[in-house]
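Number of protein chains: 2
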Amino acid sequence: MNDDLLIMIPGPTGLPTEVREALARPQIGHRTPAFADLIADCTAGLQYVFRTRKDVLILTSSGTGGMEAAITNFLSPGDPVLAVSVGNFGERLGRIAEAFGAEVTWVTSEWGQPADVEAVRAALAGGGHKALLFTQNETSTSITNPVEELAGLAQAAGALTIVDAVSGMGGVPVLTDDWGLDVVVAGSQKTLMLPPGLAFVSVSERGWQANATATMPRFYFDLRKAQASLEKGQTPYTPNTSLIVALQASLNLIRAEGIENVWARHAECAQFIREGVAKLGLRPFGDARYASNVVTAFYPPEGVDPKAIISHLRDRHNILITGAQGAYRGKFLRIGHLGTVDRGQCARVLAALADALAAAA
Amino acid sequence: MNDDLLIMIPGPTGLPTEVREALARPQIGHRTPAFADLIADCTAGLQYVFRTRKDVLILTSSGTGGMEAAITNFLSPGDPVLAVSVGNFGERLGRIAEAFGAEVTWVTSEWGQPADVEAVRAALAGGGHKALLFTQNETSTSITNPVEELAGLAQAAGALTIVDAVSGMGGVPVLTDDWGLDVVVAGSQKTLMLPPGLAFVSVSERGWQANATATMPRFYFDLRKAQASLEKGQTPYTPNTSLIVALQASLNLIRAEGIENVWARHAECAQFIREGVAKLGLRPFGDARYASNVVTAFYPPEGVDPKAIISHLRDRHNILITGAQGAYRGKFLRIGHLGTVDRGQCARVLAALADALAAAA
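Residue numbers (my numbering), protein chains in the order written: chain A, 158 to 518; chain B, 158 to 518.
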């Protein structure tokens, strides 16, 4: 536990002082007028971040719990759905659908590539898909998918759009209403600058219509119950009150900065990191045209173990970066640049990276 | 948001300074050696509180999420189970089982009464029940069930014992191993003195054997995945890191005091409250022989609206107590006395209650 630790992984992110202070406040009751005001204000702030006038519900779970809610509230066992996988997290949404009995067809891209739009178009043209599942921003490969284009294909085919925006929401534009996204999931520990422990799910009218006939079993993650409770200023089950108090603090920071400025700051920092990595002679992982603005993946120099670089940054510079997951474990490195990120943090991690490369040479 | 607010509801409870300080610490990484040490120490601390050498898994959700895990990991659709309901929360465990397709038979007590042991014995004698579901401590009615006796009946009938101990764990003795409890659920926001947001589930060998063939769908709450991750010092999905840091702080407080002393403090405070309420001429709700040591329910004086008393305590004394739920809404009052509770807090709430009665007279 060191106060100077600079967390540059793709979530959890560092916490602003305002958030840390909010977390330390005394406990509040969750069935009180004060809590009703708090959750109403947080919901409005989330609608601002999601760019939606639709319902946004707050769940006490990590992002994966929100993803489960996004599946089980809108689908029935046996429903044919199309899952787009471009990495570890894209795969998760489809795996949840499978676990609850959906008939999942996969359109899988090689890691480092975005969604194969033509393959999605062709698969949807076959007809009958109840939903299209995909990741907005794939942290495992540092790729941002063409969300608007994919949503357009789903709408044309009459399929629901269910989007995992856990890692990118707030850092990379997600225009929920303009793009007609039916169900969008975000999490607290990314651009929202909070500890993990809350998930947020937006639901369109089309989503609620699907919910009316969806029969997958659900209880804790029942969004209709969450919506009914929200109208009374409550949650169906005891929420993480402290984290919701801190959510208000973080949403206030985002509203004060302006969401467009938050997006611009992420874009600027991402470019700074990408250029810095290139200047160090390191090769990026993934298709540069779809490079994420919240995480950058790159190969270590030939013959250098990524673990040695991660350890050097952690032990000598007190900076946390991370490696690759799944089948690519040990193959490349990832730097997260989201949440409180600024040029100073980016310069610090690049300087440390240069030192690690010198040490490894 | 007032620093002097005294929370005397049956959870969330007030937070010790050590917990508030822990919550305010900078963020940590959740796939690091430091986190592995942290979760190992917390698991050992939870085993101490649960009085078990079995697995105890940490979930990022509120207690109800832990209850869902306790059902879906051990049962299959169509399984006949016996659910004992003595109030709002006893009913919840059975409702979850129903939502996921179990064939639930109910043994329901009138509110204020404990489990009907003879009816449970008779129902189990019919045979074939896969599990017995019940609440250890029913906060909605301030009743503690005869847990050991119920567990013995389940064992004799070859049924799993699935216990919701969310509100009582730590405050009222639960001897998980000695009593042969298979699956026990607890939550962070009660006697563990943390904000809501973590659930804890212990699993016996018999529980794991049942898990091997249980087919209810699960993903976020998959306990087998949680156990496999824990062996690597991790969790399957991003955990609420801040709350786990705070959990270590609260477990350290409990270990320093000694669990037997924590139980004794709760028993002493409960008696102080019960006697104080009686001295004020108020009639207790519920069977006194099974009165809970973490919450006390009592009727207001004839003709006095419980809401007026709750408001008086909140607005004039900055103390939060609560009313009754469900069908008993508006009928009685409840004072929670758990977590950081001491005689000073109890004296303060009783003095405020006396003032409220004088004001209402």
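Treat the hints as calculated values from the structure; they're not laboratory data. On a predicted model such as this, the values are computed, not experimentally measured, just so you know. Ideal Cβ positions, reconstructed from N, Cα and C, are used throughout, including at glycine. Worth double-checking, as some hints may not be accurate.
Here are the simulated distance ranges between beta carbons [as the list claims (entries may be wrong)]: (1) A:GLY337 x B:GLY309: 56 to 62 Å; (2) A:ALA413 x B:TYR205: 42 to 48 Å; (3) B:LEU410 x A:ALA435: 36 to 42 Å; (4) A:VAL461 x B:ALA421: 56 to 62 Å; (5) A:LYS389 x B:GLN428: 53 to 59 Å; (6) A:PRO183 x B:GLU425: 23 to 29 Å; (7) B:ALA276 x A:GLY309: 57 to 63 Å; (8) B:GLU414 x A:ASP161: 31 to 37 Å; (9) A:GLU417 x B:GLU267: 56 to 62 Å; (10) A:ASP194 x B:GLU178: 42 to 48 Å.
Computed footprint of chain A on chain B, listed as stretches where at least three residues anywhere in the stretch have a Cβ under 8 Å from a Cβ of chain A [as the list claims (entries may be wrong)]: (11) 186-197; (12) 311-322.
Computed far set for chain A versus chain B, every beta-carbon distance over 12 Å [stated by the list, open to error]: (13) GLU275; (14) ALA369; (15) ASN397.
Hints, verified against the model:
1. A:GLY337 x B:GLY309: 56 to 62 Å: Cβ of GLY337 of chain A to Cβ of GLY309 of chain B: about 58 Å, so the range 56 to 62 Å holds.
2. A:ALA413 x B:TYR205: 42 to 48 Å: Holds: the Cβ-Cβ distance is about 45 Å, inside 42 to 48 Å.
3. B:LEU410 x A:ALA435: 36 to 42 Å: violated (51 Å)
4. A:VAL461 x B:ALA421: 56 to 62 Å: holds (59 Å)
5. A:LYS389 x B:GLN428: 53 to 59 Å: violated (36 Å)
6. A:PRO183 x B:GLU425: 23 to 29 Å: holds (24 Å)
7. B:ALA276 x A:GLY309: 57 to 63 Å: At roughly 59 Å between Cβ atoms, GLY309 of chain A and ALA276 of chain B fall inside 57 to 63 Å, so the hint holds.
8. B:GLU414 x A:ASP161: 31 to 37 Å: holds (33 Å)
9. A:GLU417 x B:GLU267: 56 to 62 Å: holds (59 Å)
10. A:ASP194 x B:GLU178: 42 to 48 Å: Since ASP194 of chain A and GLU178 of chain B have Cβ atoms about 27 Å apart, the given range 42 to 48 Å is violated.
11. 186-197: holds (count 5)
12. 311-322: violated (count 0)
13. GLU275: The claim stands: GLU275 of chain A keeps its Cβ more than 12 Å from every Cβ of chain B (closest is about 30 Å).
14. ALA369: holds (17 Å)
15. ASN397: violated (4 Å)
Checked against the numbered hints above, the structure breaks hints 3, 5, 10, 12, 15 and satisfies the rest.
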